[in-house]
Amino acid sequence: MHDMSAHVAPHGAPTSFIRKHVFSLDHKVIGKQYYGLALVAVFAGMVLSWLMRIHLGWTNFAIPGLHFLSANGAPGNVMTPEYYLQLMTMHGTIMVFFVLTTAPFAAFGNFFLPIQVGAEDMPFPHFNMMSFWVTFVAFLVLVSSFFVSDGPTLGGWTQYAPLSAIGAIAGPGQGLGVVLWATSIALFCVGQLLGALNFITTTLDMRTKGMSLMRLPLSAWAWFITSVMGLTAFSVLMPACILLILDHMAGTSFFVSSNLVINDQLQSAHSGGSTLLWQHLFWFFGHPEVYIAIVPGLGIVSHVLITNMRRPMLSHRVLIYSFGALAVLSYMVYGHHMFVSGMNPYSSLAFSFPTLIITIPSTVIVLIWLGSLYGSKLRINTASLFALGFISMFISGGISGFFLAQPSIDIMLHATYFVVGHFHLVMAVAAIFGIFAGTYFWFPKMTGRMMHEGMGKLHFWLTFVGAYCIFMPFHYLGIAGNVRRYQAFVDDYLQPLIPVHRFITVAALLTGLAQFIFLYNLIHSRFKGAPAPDNPWEATSLEWTTATPPPHDNFAGKLPVVYHDPYQYGIESSSGDYVMQNSPERIKTAYDEK
Amino acid sequence: MAKIFAVTIILIAIGSAIPILMHTWTLPQDISVHGPLIDEQYSDTMAEAGISFLASQFLLAFFIWKFSHPQPGAKIRNFPGGAMGLVIAAFLLVGTEVLALGVFGAKAWASVYFTPPAANAMPVQVQASQFAFYFRYPGPDGKFGPLHPELISEANQNFFGLDTTHDPDSKDDIVTAEMAIPVNREVHLLMHSKDLGHSFFVPELRVQQDFVPGLDLSVHFTATKVGKYEIVCTQLCGLGHYNMKAYLEVKSPEDFDSWLKQQAAMQ
Amino acid sequence: MRLEQEEVSSMATTVPEPPKIEPLRSPSLSSGKGGWRNLTPADGNLQLVKDHSPAPASTGIWVVLAAISMSFAAYTSALIVRQGSALDWRHFSLPPVLYLNTLVIFASSITLEISRRRIRSFMGGVRDQTARPARWLYITLFLGLLFVAGQTFAWLQLRRQGFGLATNVSYSFFYVLTVAHALHVLGGLAGLARVMVKLQHFTLRRSTLDATSRYWHFIGVLWLYLLFLLWMKM
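If you read the protein sequences in the order shown, they are chains A, B and C.
Mapping of the first sequence onto this note's numbering: residues 1 to 594, in sequence order.
Mapping of the second sequence onto this note's numbering: residues 1 to 267, in sequence order.
Mapping of the third sequence onto this note's numbering: residues 1 to 234, in sequence order.
Be aware that one or more of the hints could be misleading.
Unchecked claim - Among chain A residues calculated to face chain B with C-beta under 8 Å, some are:
| hint | residue |
| --- | --- |
| 1 | 154 |
| 2 | 310 |
| 3 | 356 |
| 4 | 458 |
What the hints assert, rightly or not - Here are the computed distance ranges between Cβ atoms for each label pair:
| hint | chain 1 | residue 1 | chain 2 | residue 2 | range |
| --- | --- | --- | --- | --- | --- |
| 5 | B | 177 | A | 61 | 25 to 33 Å |
| 6 | C | 194 | A | 14 | 17 to 25 Å |
| 7 | B | 93 | A | 213 | 52 to 60 Å |
| 8 | C | 193 | A | 149 | 29 to 37 Å |
| 9 | B | 24 | C | 90 | 54 to 62 Å |
These aren't lab readings, by the way, just hints derived from the structure by calculation.
These figures come from a predicted structure and were not determined experimentally.
Just so you know, even glycine gets a beta-carbon here, dropped at the ideal spot from N, CA and C.
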């Protein structure tokens with residue numbers, strides 16, 4: 001019917017430096033490029049958070065050197081109120097888009113999905129290469145807003161209209177910074193759509209012989225489901241950004257209503273726009289986006305845990321269905337960001353029910369993980385520690401969602417630090433733990449060297465305890481009514497909370513410093529780490545059947561044939577308690593048959 | 001290391017629960033009529049959340065402790081009930097819990113949003129703008145004069161854009177920078193925004209509602225306790241967002257009347 | 001219970017997945033790199049098996065069409081919400097050239113289909129020298145360009161009459177929808193040009209041709225939808 005080898009626009013191994021490392025068609029290189037981008041982005045985002053936290057704890061503190069970053073934003077090194085908001089906006093935007101969507105999905109997914117399905121590469125390598133470079137350009141465009149005269153936009157990563165749409169008259173940061181933000185994000189959407197195209201077609205069409213859908217590892221399923229979400233979510237955000245740019249630059253009135261008066265001037269250029277329209281469009285994307293950020297982590301953690309538990313999950317299928325249920329439900333819940341937004345209160349109730357119900361697949365996933373830990377032979381190493389830490393973080397962050405899912409309670413908690421604590425724990429920290437678990441697990445395969453285990457464990461301990469010290473108190477602040485997106489706390493009732501903020505700041509700075517242990521470990525091991533065997537973790541999935549690091553076409557010209565389910569652990573075979581997916585060996589169970 | 005990890009998880013879980021159990025940080029005191037329903041909903045949720053949180057973190061810790069040093073030759077075992085048991089448990093326990101919360105929570109929500117304001121509720125208008133709230137009382141004629149956005153001028157202190165020369169209803173309107181209301185009297189708060197998105201939040205009053213440019217929204221509530229409270233903006237509106245607030249004074253009916261007269265005299 | 005046992009037992013004693021033997025299908029239209037991949041496994045016991053998953057280009061094009069549909073769905077819902085939220089919607093009659101352009105793009109789909117069938121039979125070895133499949137591709141390309149030119153004419157006509165992007169929200173949506181569509185038409189033209197180049201070098205795969213055609217027909221159907229939407233709302 002067709003020629004499989006001809007699918008992958010066969011690209012022979014590249015020879016020039018540019019073709020090998022810069023404009024590469026090889027999914028592995030593209031994956032590493034995404035990882036590198038995410039690494040730069042996460043440190044940038046972290047430094048921004050340090051600046052924010054210092055300012056929140058000590059508002060008039062002159063942060064040394066800050067005026068070099070922005071003379072307007074920090075005269076005399078003291079951060080202005082607008083500059084705080086600008087840093088906050090960039091922190092959120094960089095982290096959500098260029099770290100949480102890039103690392104767990106685009107980085108690891110690009111590198112490992114084709115190998116895990118048993119393919120030589122993705123079917124559209126040119127689009128794949130474009131996807132990285134478009135994303136990279138998007139990052140540059142975003143960062144460039146630091147250097148325009150008015151600075152970056154200050155409207156938060158959510159960029160609510162009319163603040164974002166009405167133009168520079170709304171205040172500093174709302175001029176060119178908004179246009180750069182929207183352009184960057186629109187480009188980002190294009191990059192991710194090109195990526196989703198490759199991920200979906202790889203999973204559906206490029207599986208090797210014997211690799212049925214149910215024999216795919218959980219990480220592959222997670223990447224597949226995420227790419228379907230990305231396809232449908234990013235294609236809604238891009239039109240929204242385009243309409244925003246038009247309102248901002250071309251005088252249209254999609255989001256800007258009539259009779260607005262700013263600086264005593266009637267804004268007659270705009271009229272009739274719908275403020276809520278932006279929120280609906282944004283959150284239709286925005287809620288699936290947070291699941292795009294976490295579902296790959298669910299897959300990676302499952303994958304890492306199974307290898308380190310030496311047994312498959314209690315039910316492979318149930319996990320897959322739960323991932324899918326999360327993805328489907330994620331489209332029905334977006335209005336929970338808008339409970340008190342002025343939309344119809346009946347709609348608020350309507351959105352709260354699927355929001356509460358999405359607890360069920362989340363709980364199933366956690367229970368299956370816990371239930372699989374039972375009776376397992378748990379191995380403790382840095383990767384498994386981060387995977388287990390993910391479970392703890394996901395539980396903590398998920399449970400605070402109970403509160404926010406109910407509109408009546410949301411009246412008290414909306415726009416407070418409770419929300420900030422919730423999404424940082426359940427999405428940011430958990431996803432970062434997933435990225436760390438994936439890094440420590442897959443680094444040997446990607447580079448041919450082992451990471452330093454002692455440094456890894458130290459990194460884990462400092463990060464696990466530190467992250468809780470930072471983000472658990474956010475919930476208490478929110479309960480006490482501490483409003484978010486404030487650059488300083490001047491209200492009477494907030495004064496007693498400032499010491500809590502200072503505690504959090506110290507925790508944040510220390511935990512942030514601990515990340516340099518990881519960075520050092522990463523770079524040092526890349527060049528000086530102990531050489532890695534092909535299968536250091538005694539794992540079963542296809543990526544461990546290849547050489548370390550894998551050759552250009554992944555399988556040295558001989559595509560594997562898959563004989564087994566992905567997680568044949570806890571059995572008796574010639575290699576020990578596991579059998580690899582491509583091994584034709586028939587095995588016997590070592591299960592305690594009950 | 002596994003055992004230390006397990007203990008750490010337990011310590012963190014207990015440590016996180018202590019401030020809640022000790023009421024170190026609580027919801028601000030409730031001074032509203034509809035507040036008790038919200039607070040009850042909140043306590044119920046906290047109880048269920050707390051139990052789920054502690055139970056699941058403990059279970060995680062316990063399993064890490066127990067299964068990380070297997071005897072050589074130990075066999076892999078399945079959790080009793082298997083996956084199906086856990087799925088059923090999730091559906092039953094979590095399903096009933098969340099549906100119960102959802103259904104009962106709807107009552108609290110309905111009491112705020114699905115009940116119309118009382119016929120004799122006192123109307124007060126609030127306008128949100130960068131970076132202040134301004135309030136308007138209808139005055140003795142009980143009517144608000146029409147608004148003319150083109151007449152708004154901070155410089156002339158015409159915050160609402162009133163035309164007192166041509167609109168008779170505007171002549172007796174009282175515009176203030178602080179909000180005062182009489183205790184135990186329902187207030188119908190009419191909300192609109194002058195420029196962009198803002199929000200009206202008084203934690204003690206159990207009220208939070210966004211201002212939406214282009215929409216006239218309203219909430220209604222009754223304060224039950226005299227005192228001075230803060231109205232804060234919770235929708236990011238620019239550099240002054242952190243500082244955008246006003247005081248809400250709940251006064252006795254007599255004090256409120258004299259306050260209103262004072263304000264009227266200053267117009 | 002059943003689930004668990006099924007899982008445990010299927011995980012415990014794995015049997016190699018039986019080979020799927022498919023009836024022979026016609027060979028691919030590739031340049032002669034030809035045939036099927038031999039996937040003889042390590043122990044050589046399985047019979048020669050064929051890969052029967054769909055060509056990535058055909059899955060891929062559906063993915064692309066899904067994304068485009070979602071984005072126009074977003075524009076549509078924005079239009080509906082925006083129209084309903086204020087009273088400032090100014091109705092206007094669509095420039096008549098749009099209807100002409102509709103005929104043009106519809107015709108281009110027909111010519112593309114003619115071309116596609118001829119290419120397929122040409123590459124299948126059917127000897128029909130009078131077929132000249134490339135000619136119909138050129139005509140399709142020309143009609144596509146004519147469509148874009150016609151849309152440009154419509155925009156310029158409206159501009160001359162004083163109806164720009166920001167004149168009224170109805171015009172804003174008119175421009176946004178038609179420009180977005182025209183950009184996708186240009187993308188389709190690029191795809192057709194690529195097909196033409198590959199045809200001339202005898203490297204055209206059937207899946208590429210089919211995927212590109214599917215895209216082009218979709219763009220035509222999308223135009224019909226947009227025309228209907230604009231006509232209804234404007």
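Residue 90 of chain C and residue 24 of chain B - C-beta distance against the hinted 54 to 62 Å: 59 Å, holds
Cut-off 8 Å, beta-carbon criterion: hint that residue 458 of chain A touches chain B: 11 Å, violated
Proposed interface contact between residue 310 of chain A and chain B, which counts if any beta carbon pair is under 8 Å: 7 Å, holds
Status of the given 29 to 37 Å range, CB of residue 149 of chain A versus CB of residue 193 of chain C: The hint (29 to 37 Å, Cβ to Cβ) is violated, given that residue 193 of chain C and residue 149 of chain A are roughly 42 Å apart.
Outcome for the supplied range 17 to 25 Å, where the beta carbon pair is residue 194 of chain C and residue 14 of chain A: 22 Å, holds
Whether the CB-CB distance between residue 177 of chain B and residue 61 of chain A falls inside 25 to 33 Å: 31 Å, holds
Restraint outcome when residue 154 of chain A is required to lie within 8 Å of chain B by C-beta distance: Because about 7 Å separates residue 154 of chain A from the closest Cβ in chain B, which is inside the 8 Å limit, the hint holds.
Residue 356 of chain A as chain B interface residue, shortest Cβ-Cβ below 8 Å: Given a least distance of 4 Å, the restraint on residue 356 of chain A holds.
Supplied distance hint 52 to 60 Å, evaluated on CB atoms of residue 93 of chain B and residue 213 of chain A: 31 Å, violated
Taken one by one, the earlier hints fail for this structure at numbers 4, 7, 8, listed in ascending order.
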